[in-house]
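Engineer: The chain contents come next:
Number of protein chains: 4
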Amino acid sequence: MPGVPPARYAYLGPEGTFTEAALRTLPAASRADLQPYPTVGGALDAVRAGDADGALVPIENSVEGSVPVTLDELAIGEPVLITREVLLPVQFALLARSGMTLDQVKRVVTHPHAEAQCRGWLRRHLPDATIGRAASTAAAAVLVADAGASYDAAIAAPVAGERYRLTALARNIGDNPDAVTRFVLVSRPAAPSAPTGADKTSLVAFIRDDHPGALMEILDEFAVRGVNLARLESRPTGQAMGRYCFSIDAEGHIADARVGEALRGLRRVCADVRFLGSYPRADATPATVRPGTTDADFTDAERWLERLREGRL
Amino acid sequence: MPGVPPARYAYLGPEGTFTEAALRTLPAASRADLQPYPTVGGALDAVRAGDADGALVPIENSVEGSVPVTLDELAIGEPVLITREVLLPVQFALLARSGMTLDQVKRVVTHPHAEAQCRGWLRRHLPDATIGRAASTAAAAVLVADAGASYDAAIAAPVAGERYRLTALARNIGDNPDAVTRFVLVSRPAAPSAPTGADKTSLVAFIRDDHPGALMEILDEFAVRGVNLARLESRPTGQAMGRYCFSIDAEGHIADARVGEALRGLRRVCADVRFLGSYPRADATPATVRPGTTDADFTDAERWLERLREGRL
Amino acid sequence: MPGVPPARYAYLGPEGTFTEAALRTLPAASRADLQPYPTVGGALDAVRAGDADGALVPIENSVEGSVPVTLDELAIGEPVLITREVLLPVQFALLARSGMTLDQVKRVVTHPHAEAQCRGWLRRHLPDATIGRAASTAAAAVLVADAGASYDAAIAAPVAGERYRLTALARNIGDNPDAVTRFVLVSRPAAPSAPTGADKTSLVAFIRDDHPGALMEILDEFAVRGVNLARLESRPTGQAMGRYCFSIDAEGHIADARVGEALRGLRRVCADVRFLGSYPRADATPATVRPGTTDADFTDAERWLERLREGRL
Amino acid sequence: MPGVPPARYAYLGPEGTFTEAALRTLPAASRADLQPYPTVGGALDAVRAGDADGALVPIENSVEGSVPVTLDELAIGEPVLITREVLLPVQFALLARSGMTLDQVKRVVTHPHAEAQCRGWLRRHLPDATIGRAASTAAAAVLVADAGASYDAAIAAPVAGERYRLTALARNIGDNPDAVTRFVLVSRPAAPSAPTGADKTSLVAFIRDDHPGALMEILDEFAVRGVNLARLESRPTGQAMGRYCFSIDAEGHIADARVGEALRGLRRVCADVRFLGSYPRADATPATVRPGTTDADFTDAERWLERLREGRL
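Chains as they are written, first to last, in the numbering used here: chain A, 129 to 441; chain B, 129 to 441; chain C, 129 to 441; chain D, 129 to 441.
Any given hint could turn out to be false.
[Said to hold, decoys possible] Every beta carbon over 10 Å from chain A, so not counted as near; a handful from chain B, in silico:
id	residue
1	R235
2	I259
3	R293
4	L357
[As the list claims (entries may be wrong)] Reference listing, derived: stretches of chain A covered by chain B, where coverage requires no fewer than 3 residues with Cβ under 8 Å from a Cβ of chain B:
id	stretch
5	156–166
6	209–215
7	251–258
8	392–399
Read the hints as simulated data drawn from the structure, not as lab findings.
Every value quoted in this text rests on a predicted model; they were computed, and no experiment measured them.
For each residue, glycine too, the CB sits at the ideal point set by N, CA and C.
Use the sequences and the hints to build the structure in full.
Structural biologist: Right under this line is the structure:
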């Protein structure tokens, strides 16, 4: 269709990162115009401004944890909608400056979770190396890339090697082949796609005041309607020490009656609730539906209540 | 209005009981036809059969506890609707057979709670008497009325003296002037009267199976919607030892959004829920309404959810 | 042993009731001196005064519910200890005055739960009879025994026929052969017998003030330690309408660590807790022990805490 | 005392950071030997190896949230003990490369929370500037320091200016003067210092398996003993997506009976619990102690249970 311009997707750059790789797994991206942005906020703002139709950003990593800046960027500013999630395997490489060989490596640096995940390989291949720890695997690569580095090699993603001009002395050195990074595809506000039976709903709940039990109240709004949580993380609101909001992934779709009632309950007990989207789970695991919480159960209860209110006992 | 037949009210007889006294406190009863029935079930069945427009039956007594047969009769059979509650002060008298005098009383019998409530009077006037205990104050009167009675006097309601031909040796001997009996006025199914802001909703919840935590689930359905309970009693269902239903008075009216959602929740988690009525509280105490649980809060949350589902974030 | 006087057991009389039958199922009662008392309180006071070594009283009935006077008598007065429970099958008979035949029976009276349990027999044998309802099956028998009775027959326990000189027109007419009455054997305070792994602990919890959530707090003290409840009933305290205590049977023995910690928790949150005894379950069902709640788990946690407090991390 | 070597403190370097400033607020540091380390792990390992007597590391920031690497480093490896916390005000500066003037600034970059906290200043002084966002305020400074930078200025801590050779165009530009960073002083395992009545207890709870309700169970162990939480954060365990541990600061001291019982409860329901220390709160706010949860209440309940177990009812 010659008259139709291709879709435009923003992603957390630079080119060649895992995020681009994840974006390329989406069929819709195959003929689209892909644009790297230096920050997560930049990619999201491209969507907000209409410069991109969607943005793919990392949100959670089974090694280093959530990506705080993504959680924060989604929680503030103009609303956007998560429409998909993408999972990409995590791969570790041992990266060093040019000229270094494996048998010369005495001091390795990495994030503690990455160290924990490569312990088997380290024991077999570098039993005598000391292991320093950095704030992230990328930060470890930076520490190694520096000419006067006090480390010989970093455990990091292969892409960090390309970025910081390091050489991979070994690849795929992780003990756990299931480690993954999770990305979300974000668009401008729209009605969510139809439920599939295996969906997630993401939101941020800002508690009304910092009373003991506020978190339990939030959990209870989900539990009473039989909605399981797939992820819950506290995040500071940036207002004062000890003021948190909660970033939540719940099982189910906003169109599900049980999820809808839980959201309404949250809305009533929270200072604010930001809905981030309902979308198919990448792992296609159907939501657990407890007895009494199907849409039919909700409809039956609604009609029963109407009858009672009209005096038809 | 010559052509209009007077209203007919059934009550737990016989004539002259507290129940009749309670019924006569109702303006509507002043020109009505009042009919005593030997049993609570009989009075309720008169309503069910159309032989009476309403029935007044005792449901709870601050001395001897709930009236189990009333709870059971309301819980089974054709549905009926509680439309009012009536509170009547409890008064205690010391009753004896004719000829007995106060200084001859050595052995008193009564229900343990009545003994507890007359302890001050007993200490002052009968410090040396032994106190036997009966299953009810009426049963105590029966034990005294018997010619070969092993008791000299009973503490019971004055009306029991009339009924069992006993003489009151002393009246108003209770230490607590606030003790009351609670009655409910029951009619055939109809739409409940409009909320007053100081209402109660009565119901019976039959748990789905006897799993640990079933009661907590029921309590949670109310708590999550900010609905306080004024009374909760377990009752056996008559099916097997350890199978209970819960007889509940909740604060608020079925027309209140928070009560309605709690009822719908109960309907979904329980095997059965029987709604018994929403009616003004006799003590006119307004319901406590927690922030986030007004009708306006529910309406706001409903509209918010609709907007989200339509993509208007 | 000629010099040892036989044990003396009190029971709720008169002779010939189900309670005596239940007492006779105990081996210890076979050579004991059994003494009927007219009231539950009288039987318990015989134990308190040292006039009896034990007292057997009914506490719960799968047809008519708990026996309130027993719950109340155990909850107040000098403390006593429940040392055993006894279950006895409930049997129903159709009782009439002498001379009545089955085909003459037009009006039957009984407790609503008993009616519910004999519905099959009634449909087959008395399809046209009207069914009145009484406050108890014994009260139904009384209503029939009266010469001017408005009922032809009562559904009640066979023993009620003996007591009120009624004839059994039919026996074993209940649809549910598993219906039982539960009795408890009560002695003076003593250390409970050793745990068997299939025990119950009975107690009464008096809530501190009538705040919403008080019952949930009580339930939570048990739930957090993995202690299931076998029975929970609210009882008025006799002080004012709406003031309750909770009569509770918990699974497990006071010597179990999890039950002990739950009791200590109750003691701290309640105005008062009365321990009524730990004793073997009549049905010998072992308590469910959730992972993390064995005595060994509690001991391990205690030692771990001690180590931490001493700085041995 | 010439013979006593000075204490040695490690801290997250390099020299001149906020962490050094925080360390210098401690009296004990005034005559000590202070040693910067490039990573949090390095500073903690210096303590573990005996190369330092204590290490000061940042743990939480009211702007950018918790310091994940510190949470992770404390949660794994050889146990260490938090003995103090230090709060230091957060200050923001507008940093630019040399030669830039305030009226030339068109593109600012910073962390979204920092942007939110400087919104008033930005509106007054740079109303037309575009605001890009970075993963941290330090990362924003890095983006600006780069010669080919696409940003003119960064909002960051003043210390970042020194580190990346940027000039402060404006200082103290935050709207909220209460913003703080929280640091903890960590030592080798030892018995915690005595309770002060205004203490915090830090720990990490690893849930046994990822069942719905695991977090609620953890919260309930604290709530039932009346222990409030000051901070709760989920952290991935690094094992698989969706496997979390919970980093928790509770009000109170491990020597408090209520905290001790809550910890024992956690130990029983969790796969593992790592105690990180009990120490005085920097803000000296006394713990809220709910009725029934004082040490005296626990002692009373313990003695009461002992009496019951011995038969002294």
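Engineer: Hints broken by the structure, by number, lowest first?
Structural biologist: 5, 6 and 7
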